[in-house]
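Engineer: Read off the chains here:
Number of protein chains: 2
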Amino acid sequence: MSERINHRAFTERLMSAEQAAAFVKPGMTVAMSGFTGAGYPKAVPGALAKLIAAEHDAGGEFKINVLTGASTAPELDGVLARAEGMNLRLPYMSDPDLRRRINDGDMEYMDIHLSHVAQHAWFGFYGKIDLAIVEVAGITADGELIPSTSVGNNKTWLEMADHVILEVNKQQSAALEGMHDLYYGTALPPHRKPIELTTPRDRIGQKYLDIDVRKVVAVVETDAPDRLSPFAPVDETSERIADHLLSFLDYEIRQGRLSEKLLPLQSGVGNIANAVLAGLARGGYKGLTAYTEVIQDGMLELIKDGTIDFASATSFSLSTEGVEEFNKNIDRYRDRILLRPQEISNHPEIIRRLGCIALNGMIEADIYGNVNSTNVLGSKVMNGIGGSGDFARNGYLSVFMSPSTAKGGKISGIVPFASHVDHTEHDTMILITEQGLADLRGHSPKQRAQLVIDNCAHSDYKALLQDYFDRACSQSYGKHTPHLLGEALSWHQRFEQTGDMRPAS
Amino acid sequence: MSERINHRAFTERLMSAEQAAAFVKPGMTVAMSGFTGAGYPKAVPGALAKLIAAEHDAGGEFKINVLTGASTAPELDGVLARAEGMNLRLPYMSDPDLRRRINDGDMEYMDIHLSHVAQHAWFGFYGKIDLAIVEVAGITADGELIPSTSVGNNKTWLEMADHVILEVNKQQSAALEGMHDLYYGTALPPHRKPIELTTPRDRIGQKYLDIDVRKVVAVVETDAPDRLSPFAPVDETSERIADHLLSFLDYEIRQGRLSEKLLPLQSGVGNIANAVLAGLARGGYKGLTAYTEVIQDGMLELIKDGTIDFASATSFSLSTEGVEEFNKNIDRYRDRILLRPQEISNHPEIIRRLGCIALNGMIEADIYGNVNSTNVLGSKVMNGIGGSGDFARNGYLSVFMSPSTAKGGKISGIVPFASHVDHTEHDTMILITEQGLADLRGHSPKQRAQLVIDNCAHSDYKALLQDYFDRACSQSYGKHTPHLLGEALSWHQRFEQTGDMRPAS
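Going down the list, the protein sequences come from chains A and B.
Quick note: the first sequence uses the numbering used here, first residue 53, plus one each step.
Quick note: the second sequence uses the numbering used here, first residue 53, plus one each step.
Bear in mind the hints are in silico, worked out from the structure with no lab data behind them.
Hints are not guaranteed to be accurate.
One copy or any two copies: either way a pair holds, since identical chains are not told apart in the list.
Computed cross-link-like contacts, DSS-like style, restricted to lysine-lysine with a CA-CA straight-line distance of at most 27 Å [claimed, not checked]:
1. 222 - 102
2. 115 - 245
3. 180 - 514
4. 77 - 498
Chain A extracted, bound-state conformation:
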């Protein structure tokens, strides 16, 4: 027996990544594990990329459709993108090579609410899933799978795929065993039942993934770390955004709208999210909870110091230091973290019930509160919507945060008209930049516009926005959401032409 594979039926299927990759055929729809750089297969995609490249060199065609939980890493999206091996990719990505191919128009990409993916697969909207390639941390003596550092859509992929390739990664912490909560109570309508989860710490499922061993065509042993999220020190802009948020939360507590335990936090990934987490610790909060997608280093720190009492997510996303800390102090974390399938971590039913505080980044917002999370200048996709819509629509509070400018001031984060809309005016409550915070709750479009201009816009753009809004208020076709159609997208157009949203003076 192998160290991590304690069941003969699986050891019998052990083979190399190259042998396993040979099960992938052109045109297949292949579902893989992986969520924000964690728990993705490390070896088979690379071997597959070589097979694809060889076939292309020989003048053949070899492309597949790739479904995952969310973003993966260069060892998956990077190698397959560079090999030109994908027709269609969904539902989220962050790899630079893959992004380039998508934005060059060389392949198709579908950007999907993360809570929708599993159910749409079950509904048959993505067709048949030929093969699943899933990383696990081990296989028990009973032939069950110990999930890895992310759960994502793995339950769905393992159940739906005709065949399965498992990667057993012995570098993943053995302590992961028991930290997952795999809900098997989903069903297709009209057979669905309430999901009986009422706090982030509730266990409603099982610790291991089921697998029909007859579908397993290959087992590959690996020994490689997840892609390491580099630890970005918190910059001043992010800190100011975090400060505005924390002042706002304090105000809501004083108004009696929030308790000192707040409500379960959902927090995106990145510099601003890190600053917010650091701010919560500074702010003296204790005993908070998180119902979110990803456990970052910052979250571990908060659990360690008692700021956060419990965190539910679907994935880890730790740096090397984070992994070390996790392994060193595992006893602190074991009973305070659960990883769930993303259809549960992002489920509208649960997010609305828990009343999550949804904290997400954005590319831009317009003065009326329409938020663009995905497409730069309306056309060039950055990553995708991810779970931001699941949380923003259903949470108690929907907060969107961004620096007020990008590219050294050449791009404004606040624009007259969003060049792409991922979160509508009906779904955004709070906008924050380092300049300030606009509380849009209970306000009409025109009231919102003035708040956004006054509180969030950068000084380089404030007068320009006010001028647009004032003229729109007097000249617009309708005056409910005043716009000047000939100028609405002119800032984006100017950036495309001159590299700067600011007019030449």
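Starting from the structure of chain A, add chain B where the hints point.
Structural biologist: Here is chain B on its own, set in the frame of chain A:
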């Protein structure tokens, strides 16, 4: 005792509409009953409008904020709009006078997902509610309220308001008693529990509305019908749209993705919705269910002939003939219809659990599937988003329907770039015009665009859309969602300038 008021504490508070209206003071936030022209107060708003007009004539200021379930009727929104009596109106409207005032920029309007209204009120986002004015069908001997033809947010308004005025309308059918299901299990986070409703016919609440009689400052008797929705005969365009939908549903059944009982239907109001309902009867469907907002005449017919076995909604919206039919054959309908609070009829948790088929109209869609439901030319609000987002985001299928052109061909329902986005590309699955149906499921933006152009666009606009898309595919900044920023809104701009989206030839 009055015929409909069987409790002394309420008869003691009987007074005229004029006397009751005097409880309304300038600056108050007044929450009223009413949903799609049903169950709104008939007398007090008119008396209030006269008080407001008198105050304005005397040189004073008298404006209030008005919250309802959804749209009401001329006797509420019309009179108050003409009296210039509103500062802010939410969450939905359809009155022409009110619409004009909003689009003239004379007052504020907030357009809100109908499932959000009650909880945002409870969260305190709309401030204190000073007064509720609610129509009921009667008051029981135990001092409970028999709801009227709509439930809407009445439970919330009665609980939250400092004071209450009741209108007891004896023209509402006495048979309404017992046809409501009023859920009192809601709570604020973190105290929320699963809502244990798993089929449209489940009863989870009580038949009557609770009321704290000490808050009741006035009871007014009325004897007036709901605004009558005129019965519009189905036109050819609507019939063709319905036929495309029905062919699609048949195809889904043949593919095994839907059963012959389909899934609970949500259907908007209007001509196309009527045509769809009529088509379902023609199509030989039996034993269907509806989990929707409104019971129209067409729905009664389907219940009568067995096409629909059970319908859950929050409101009736019947014509004079519909009311007659309902009263005449009440035994057919009593056990087949339930009216619920709109936070339940539109609840994401339940819509996703039931897997509703969401059928909604739209103003326009762009080639990528972004849908504008609310703002003509991006600025002039038509009615509002209503419940379309609740159902489209959470349903099993999200279908949006519109004629391919409006204003005699001068407006295209399919445009390069939506001038306002209420439903994003992430939320739309099926687009239908009388030209055809585009099934966007499982497709990337560019694939969707070609389907929409080929299947949905009118011949007057098809070549123009194809030309835009082709040039965007080669010239766009990014080629994930190709756009030409300088032309994206040019069709809307041309309509604004020339009255026709088509270029002069």
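Engineer: Against each hint, give a clear statement of whether it holds in the structure.
Structural biologist: Each hint, compared with the structure:
Taking identical chains as interchangeable, the C-alpha atoms of residue 222 and residue 102 lie at most 27 Å apart only when both belong to the same chain, with a minimum of 24 Å there against 79 Å between chains. Taking the shortest Cα distances, residue 115 and residue 245 never come within 27 Å of each other, neither inside one copy (39 Å) nor across copies (46 Å). Taking the closest pair of Cα atoms, residue 180 and residue 514 never come within 27 Å of each other, the shortest separation being 51 Å inside a single copy and 33 Å across copies. Proximity of residue 77 to residue 498 under the C-alpha cut-off of 27 Å is restricted to the inter-copy arrangement: shortest distance 25 Å between copies versus 55 Å within a copy.
Of the hints listed earlier, those the structure fails to meet are numbers 2, 3, in rising order.
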